[in-house]
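S.K.: Chain by chain, the residues:
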Amino acid sequence: MALSRRTLIQTAGMAPAAALLAACGGTTQNASPSSIATATTRPAGTTAPQATAFPATSHMAKIVQRGKLIAGVKQDQPLFGLLNPRTNQIEGFDIDIVKEIAKAVFGLAASADATPRVELRGVTSAQRIPLLQEGAVDIIAATMTITDARKLEIDFSEIYYMAGQSLLVPKASTITKIQDMDKADQTVCSAQGSTSEQNITKFAPAAQKLLFAGYAECVTAMQQGRAQAVSTDDIILAGFLEQDPNLKMVGGQFTQEPYGLGMAKTSMGFQEFVNSEVRKMKTDGRWKQIYTKWLGKVGPAPEPPK
Amino acid sequence: MLQATPVAQAVAARTPGSVVAANLPFLLQGLWVTIQLAALSLLLALALGIFFGVLRTVPLRPLRAIGTAYVEFFRNTPLLIQMYFTFFALPWLGVRLPGFQAAFLSLGIYTGAFVAEVVRSGILAISRGQVEAARSLGLSYVQTMRHVILPQAFSLTVPPLGNLVIAMTKNTSVASAIAVQDVMYNGNILNSRTFATYEVFAAVGAGYLALTVPLSFAVNRVERHLTRFRR
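Chains as they are written, first to last, in this note's numbering: chain A, 3 to 308; chain B, 17 to 247.
If you're looking for bench data, these hints aren't it; they were derived computationally from the structure. Note that the Cβ used here is the ideal one computed from N, Cα and C, for glycine as well. Some clues are possibly wrong.
[What the hints assert, rightly or not] So the derived list for chain B, only partly shown, Cβ under 10 Å to chain A, looks like this:
1) 21
2) 100
3) 104
4) 112
5) 114
6) 115
7) 117
8) 194
9) 195
10) 208
[What the hints assert, rightly or not] Which chain A residues stay away from chain B? Per the calculated CB distances, all over 10 Å, these:
11) 135
12) 175
13) 245
In isolation and in its complexed conformation, chain A is listed as follows (with noise of 0.2 Å):
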């Protein structure tokens, strides 16, 4: 990864520390009120017009003040969210995302780079609601679907991907839906456990099923002739596609896994802040050129989920 730890741990504390800081100068006479004072006043003296606008306690002010949106990212994700051992960055269509509301945040020209502007953090599935909920992190943009459970412990942004179940089949395959699975001889290959599996058994339920423990041994089965198709989310598949030239995609998505960027509920404006950019991204052809830069070879863009 490409931060260190120490900078890691420091951010991290920064936010708590502040707000223990505030909660002081409120409560006791020797707590330093200049402390208070400098966490309003400086982020109007470093960065000029952006800042200003935000007011005092909202979270865009705190991220200003710190000088980086910290956010927790895939990094094992494909197209996504993926540590280049090159480089040794994070990339991905998650990442550009969170690149342009840093932009927002810091009121950068939209052709500047604003990689020293973000912390990313790469985090597991598991990993993502309790870092927003410990202010580890600014945002969540980690292929997270938006689900009624989730809503309840932290704030999701507009959608910004639609992800959706789809099929991946050899080039020669005649395959072109999940419904010409539907039969005894057909198999579809999909990892043990998954909800992908139990889609399958709800679209395709004559189709044989080949279940293993992750999807990789699903394209080697496929390659050899054990399984017609695999089956899960389009951009796991995606991820496949890129390896593999004599593979496609076919079906579309057969369901609909709406992706959001996570935000602690704590977070003082920040959501609507984020909503606003991811809608002007949808519709002043930002979201279409990221989208084409990570998932232009499975096929041209599509409009922007609403």
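Guided by the hints, dock chain B onto chain A, whose structure is given.
M.R.: Coordinates of chain B only, in the frame set by chain A:
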């Protein structure tokens, strides 16, 4: 055989054991596959083990070397890798085995290497004087083995063989990695549908116990029977 499917159950409607109770046919179907896999693999392991175990004691160096090569290669690599190899790599050589057959072959060959060592140690435990006596009576090498050495060696090998049979029965669970629908595989599926983790895997564990405990008793009985003259 009728295909059983996992039954989902609303979390609120659950009582301890209800997920397993509702899915007993699904788990038993997996256990039946486990039994078949264990039984067939055992036959292969015994056949290979006796053959290569004897091979390692013959007075011909090249033959012994073949036996040693088999034992050391299959005993010293993980079973999971051997199964992956049999399932995923053999197709590149033109042999595409279904999961069950690949698992049966791997497990039989893997366990056979251990059986060979047990058989060899049994043979070596019989004093050389018996071989010499049999040969001087005019028995051929094969006759000596078949009528004098192996019957005695067999009773010595029963306890360690019993260990291997039990270990192999549990090792069948590795086959779930190559999509053999054994009790482990069905347990995994059921767990991911119901999240009743403790309950499901307690039931799967009980399934293995139901196989291995009777096996242990059977091994003890055979041992008592074979050593009845020595007591």
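S.K.: Are the hints correct? Go through all of them and say.
M.R.: Tested hints:
1. 21: 8 Å, holds
2. 100: 9 Å, holds
3. 104: Since chain A brings a Cβ to about 6 Å from residue 104 (chain B), closer than 10 Å, the hint holds.
4. 112: Interface hint status for residue 112 (chain B): holds (6 Å vs cutoff 10 Å).
5. 114: Because about 8 Å separates residue 114 (chain B) from the closest Cβ in chain A, which is inside the 10 Å limit, the hint holds.
6. 115: 8 Å, holds
7. 117: Given a least distance of 12 Å, the restraint on residue 117 (chain B) is violated.
8. 194: 8 Å, holds
9. 195: This hint holds: residue 195 (chain B) lies near chain A, its Cβ roughly 5 Å from the closest one there, short of 10 Å.
10. 208: 3 Å, holds
11. 135: With a cut-off of 10 Å, residue 135 (chain A) remains clear of chain B, as the shortest Cβ separation is near 22 Å.
12. 175: Correct as stated: the minimum Cβ-Cβ distance to chain B is 18 Å, above 10 Å.
13. 245: Holds, because the least Cβ-Cβ distance between residue 245 (chain A) and chain B comes to about 17 Å, which exceeds 10 Å.
Violated hints amount to a single one, hint 7; each of the other numbered hints is respected by the structure.
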